[in-house]
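Colleague: As a plain string of letters, each chain reads:
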Amino acid sequence: MDLKLDHRTEDRLTIVEVEGEIDVYTAPRLRELLIDLVNKGNFHLLVNMEKVDFLDSTGLGVLVGGLKRVRAHDGSLELVCTQERILKIFRITGLTKVFGIYASVDEAKEAHGKDK
Amino acid sequence: MATVELTFSALPAHVRTARLVATAIARRTGVEESLLDEVRLAVGEACSRAVEVHRAHCPGEPIRIELRDDSGRFEVTVSDHAPSDEIKPEQPLDLGMLSDSFMSGFGIAVIEGLADDVEVFPGPKGTNIRMSWPAANGT
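Protein chains in written order, with the numbering used here: chain F, 1 to 116; chain P, 1 to 139.
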């Protein structure tokens, strides 16, 4: 399936809902959204990957690019993901050490609140 | 004997088609269901990499995939026609070094982490990435 993107802001956290496949064809749309959010002053991003069917290294590159952008503003980019097939690619590439990965949006919000 | 050969122009939109074809042939060849996600991702990575290097060096040239069923293994070879100097040796992870554009080194690393058996044959006239998985039955 194609890629569906949506986002909302709760308190100071911008939650990006991603659904479908993130690959070399669709990843540019996610990149544009993340850049747009950062340009509009959203520096604390939570990307919900629970409805992502497929993620490749192009998608990882977009997430890493987003992380670099928010960190330039002392921000954060964290993920919600429990799917083994998606987590596996983060483990293979060592990116589990780079991203905060949570089991649910509520868990991430709670952790984010404690940090602030 | 090649079971299926597929050529496609170097467009990102075709990578999904290549993934779907590879996964369908893998299933038909008897690759375990639990491995199909790995086949899908590894073939997708190899094709994404090929598309990116073709777009940089030879956008008019097609990319070729061969899907074979030989001696109880499902074998996939993705061939491109671009100079292979873009394949870099694996380096320690450094966020500052990573680009949000295509990370070709990551693609190869992911393939090596996923496929049961991988060989990369770089050359001045292109790169062949051959990967295989165990398959239960013949054609």
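Hints are supplied without guarantee of correctness; some may be wrong.
Derived SDA-like pairs: lysine to any residue, alpha-carbon spacing no greater than 25 angstroms straight-line [to be verified]:
1) F:Lys-88 <-> P:Thr-77
2) F:Lys-97 <-> P:Glu-112
3) F:Lys-88 <-> P:Arg-55
4) F:Lys-4 <-> P:Leu-20
5) F:Lys-51 <-> P:Arg-130
6) F:Lys-88 <-> P:Arg-130
7) F:Lys-97 <-> P:Asp-37
8) F:Lys-88 <-> P:Ala-109
9) F:Lys-68 <-> F:Ala-103
10) F:Lys-4 <-> P:Leu-36
11) F:Lys-51 <-> P:Thr-23
12) F:Lys-40 <-> F:Arg-12
13) F:Lys-40 <-> F:Lys-88
14) F:Lys-51 <-> P:His-14
In case anyone wonders, no lab produced these hints; they're calculated from the structure.
Predicted model only: the values in this text are computed from it and were never measured.
Colleague: Give a verdict on every hint.
Modeller: To see whether the hints hold, each was checked on the structure:
1. F:Lys-88 <-> P:Thr-77: Holds, at about 23 angstroms.
2. F:Lys-97 <-> P:Glu-112: Holds: F:Lys-97 and P:Glu-112 sit about 20 angstroms apart, inside 25 angstroms.
3. F:Lys-88 <-> P:Arg-55: Not OK: F:Lys-88 and P:Arg-55 at ~29 angstroms, beyond 25 angstroms, violated.
4. F:Lys-4 <-> P:Leu-20: At roughly 20 angstroms apart (the allowed maximum being 25 angstroms), P:Leu-20 and F:Lys-4 satisfy the hint.
5. F:Lys-51 <-> P:Arg-130: Given pair F:Lys-51, P:Arg-130 is violated - Cα atoms ~31 angstroms apart, limit 25 angstroms.
6. F:Lys-88 <-> P:Arg-130: 21 angstroms, holds
7. F:Lys-97 <-> P:Asp-37: Between F:Lys-97 and P:Asp-37 the Cα gap is close to 23 angstroms, so the pair holds against 25 angstroms.
8. F:Lys-88 <-> P:Ala-109: 13 angstroms, holds
9. F:Lys-68 <-> F:Ala-103: 23 angstroms, holds
10. F:Lys-4 <-> P:Leu-36: Roughly 24 angstroms between the alpha carbons, so the hint for F:Lys-4 and P:Leu-36 holds.
11. F:Lys-51 <-> P:Thr-23: Judged against 25 angstroms, a Cα distance of about 20 angstroms means the pair holds.
12. F:Lys-40 <-> F:Arg-12: It holds: about 13 angstroms lies between the C-alpha atoms, which stays within 25 angstroms.
13. F:Lys-40 <-> F:Lys-88: It is violated: about 32 angstroms lies between the C-alpha atoms, which goes past 25 angstroms.
14. F:Lys-51 <-> P:His-14: 22 angstroms, holds
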